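**Q** Model the placement of chain C on the given structure of chain R, informed by the hints.
The listed protein sequences derive, respectively, from chains R and C.
Those letters in the first sequence? Residues 1 to 206, by this note's numbering.
Those letters in the second sequence? Residues 1 to 170, by this note's numbering.
Keep in mind that the hints are not guaranteed to be accurate.
[What the hints assert, rightly or not] In silico SDA-like pairs for lysine to any residue, Cα to Cα no more than 25 Å straight-line:
1) R/K193 <-> C/D18
2) R/K134 <-> C/T58
3) R/K181 <-> R/Q171
4) R/K192 <-> C/T48
5) R/K181 <-> C/A8
6) C/K41 <-> R/V161
7) R/K134 <-> C/E46
8) R/K140 <-> R/E163
9) R/K175 <-> R/R68
10) R/K134 <-> R/E163
11) R/K140 <-> C/E39
12) R/K193 <-> R/R150
[To be verified] Chain C regions said to be covered by chain R (calculated; three or more residues, Cβ under 8 Å):
13) 5-18
14) 55-66
15) 89-96
By construction, these hints were calculated from the structure, which means they are not laboratory data.
Please read these numbers as outputs of a predicted model, since none were measured by experiment.
Beta carbons: idealized from backbone N, C-alpha and C, even for Gly.
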Amino acid sequence: MHSSGQPDQPQKTSADQVTQWASQAIAGDSAAFEKLARHFWQEVFRMLFYRVSNQADAEDLCQEVFERALRSISSLRSPENLRAWLYGIALNRSRDFLRKRRVLAMFQTTPEGGHPEVEDQGPCGASALELAAKRRFWQKINEFLMGLPRLQREVFSLRYVDELSIPEIAQALGKSQSAIKTHLYRSLERFKKSHSLVRELREEAR
Amino acid sequence: MSREHLDAAALARIVAGDPKSLASEHLAKCAQCRGQAAELKTDLGELTRRVRASAPFTATSFVWPQAAPSRSLRPLGWLWSPAVGAAVLALILAVVWLGIKEDRSAVLSLRPEQTRIWAEVMDDEPERLGGFVGFLVAENSAGLEVDFISADDDEIATGAEGVILWPGVL
Numbered sequence: 001m002h003s004s005g006q007p008d009q010p011q012k013t014s015a016d017q018v019t020q021w022a023s024q025a026i027a028g029d030s031a032a033f034e035k036l037a038r039h040f041w042q043e044v045f046r047m048l049f050y051r052v053s054n055q056a057d058a059e060d061l062c063q064e065v066f067e068r069a070l071r072s073i074s075s076l077r078s079p080e081n082l083r084a085w086l087y088g089i090a091l092n093r094s095r096d097f098l099r100k101r102r103v104l105a106m107f108q109t110t111p112e113g114g115h116p117e118v119e120d121q122g123p124c125g126a127s128a129l130e131l132a133a134k135r136r137f138w139q140k141i142n143e144f145l146m147g148l149p150r151l152q153r154e155v156f157s158l159r160y161v162d163e164l165s166i167p168e169i170a171q172a173l174g175k176s177q178s179a180i181k182t183h184l185y186r187s188l189e190r191f192k193k194s195h196s197l198v199r200e201l202r203e204e205a206r
Numbered sequence: 001m002s003r004e005h006l007d008a009a010a011l012a013r014i015v016a017g018d019p020k021s022l023a024s025e026h027l028a029k030c031a032q033c034r035g036q037a038a039e040l041k042t043d044l045g046e047l048t049r050r051v052r053a054s055a056p057f058t059a060t061s062f063v064w065p066q067a068a069p070s071r072s073l074r075p076l077g078w079l080w081s082p083a084v085g086a087a088v089l090a091l092i093l094a095v096v097w098l099g100i101k102e103d104r105s106a107v108l109s110l111r112p113e114q115t116r117i118w119a120e121v122m123d124d125e126p127e128r129l130g131g132f133v134g135f136l137v138a139e140n141s142a143g144l145e146v147d148f149i150s151a152d153d154d155e156i157a158t159g160a161e162g163v164i165l166w167p168g169v170l
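Here chain R stands alone, though its shape is the one from the complex (with noise of 0.2 Å):
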């Protein structure tokens, strides 16, 4: 068993290095793989921890997703869909992840919910205020998404929050270009008159 190390920064590939990346890991190549897992990494992460609201578990999920990659990376037809590709086995993979701990609450006395790591999300020496506007803003991008249909509540974290293409969503969510264009259009007018966010975002850009 061996790390791969410090993760690398994902600004710093270019997306042609990426594919060549990915057709030498769908070759069956494991120092190709490798590279793939330390440039996605914190992405996926990210993307993770948006949705499970917990690191240690999104780190967790983070293992389990390039694992599951790493077994199936040779059914992946097109490299250049890799970041996509990948997306979609970290979406089931919340889900999936999701939907247990929703029956674990359901024998929980305590209840669940919200941002409850946002304490821990802060760099050290955050201070209150910064705490308390993170767990504010959280709250209201919270009760924004909740407000959507699933669809809907996907596709906008997928473009805005995770910064995807329409072409990257929807081959993630396996639908078309103008399925989620529609959800993502939908989603985007619910985002407008959502004042509450709205204004907290702009009091924070001032």
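**A** Only chain C this time, still in chain R's reference frame:
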């Protein structure tokens, strides 16, 4: 289009990058709508920025999994999960089916002399008398359960809608 301002749906299409939208023609001429579209873009950019800023960094990295379990221990391993799932489902269905079958045979084996009426039947639904002593079985002559039945006081009634059977010994 050029006289009225863009609504939220049209602005959403513009901001999401729909180049074929007719609204883009309007946008080129209308400063107010351009301002609104820019505002929406800025808000979305700020949302992305703040979400990014609040995400933690993980010091973990991919750990290569241990060697896969030996095939000799789990031959055709990919078949195990569906096969076990199907077997469990079949077992559950068999238990449920047997349970239903047993219940129905118990009901059908009741004879009028083994039963007595403990229910005074009102217009719509039976009223229980003498406290709870068992379950009311109501079924019509075809053996199907019915919601509402009618019956006389002193005999098993087999009216148009059904019969009340009340086990004498419970």
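**Q** Against this structure, judge whether each hint is valid.
**A** Going through the hints against the structure:
| no. | hint | result |
| --- | --- | --- |
| 1 | R/K193 <-> C/D18 | holds (20 Å) |
| 2 | R/K134 <-> C/T58 | holds (19 Å) |
| 3 | R/K181 <-> R/Q171 | holds (13 Å) |
| 4 | R/K192 <-> C/T48 | holds (15 Å) |
| 5 | R/K181 <-> C/A8 | holds (15 Å) |
| 6 | C/K41 <-> R/V161 | holds (14 Å) |
| 7 | R/K134 <-> C/E46 | holds (14 Å) |
| 8 | R/K140 <-> R/E163 | holds (19 Å) |
| 9 | R/K175 <-> R/R68 | holds (22 Å) |
| 10 | R/K134 <-> R/E163 | holds (20 Å) |
| 11 | R/K140 <-> C/E39 | holds (19 Å) |
| 12 | R/K193 <-> R/R150 | holds (18 Å) |
| 13 | 5-18 | holds (count 9) |
| 14 | 55-66 | holds (count 11) |
| 15 | 89-96 | violated (count 0) |
When the structure is compared with the earlier hints, a violation turns up for hint 15 alone.
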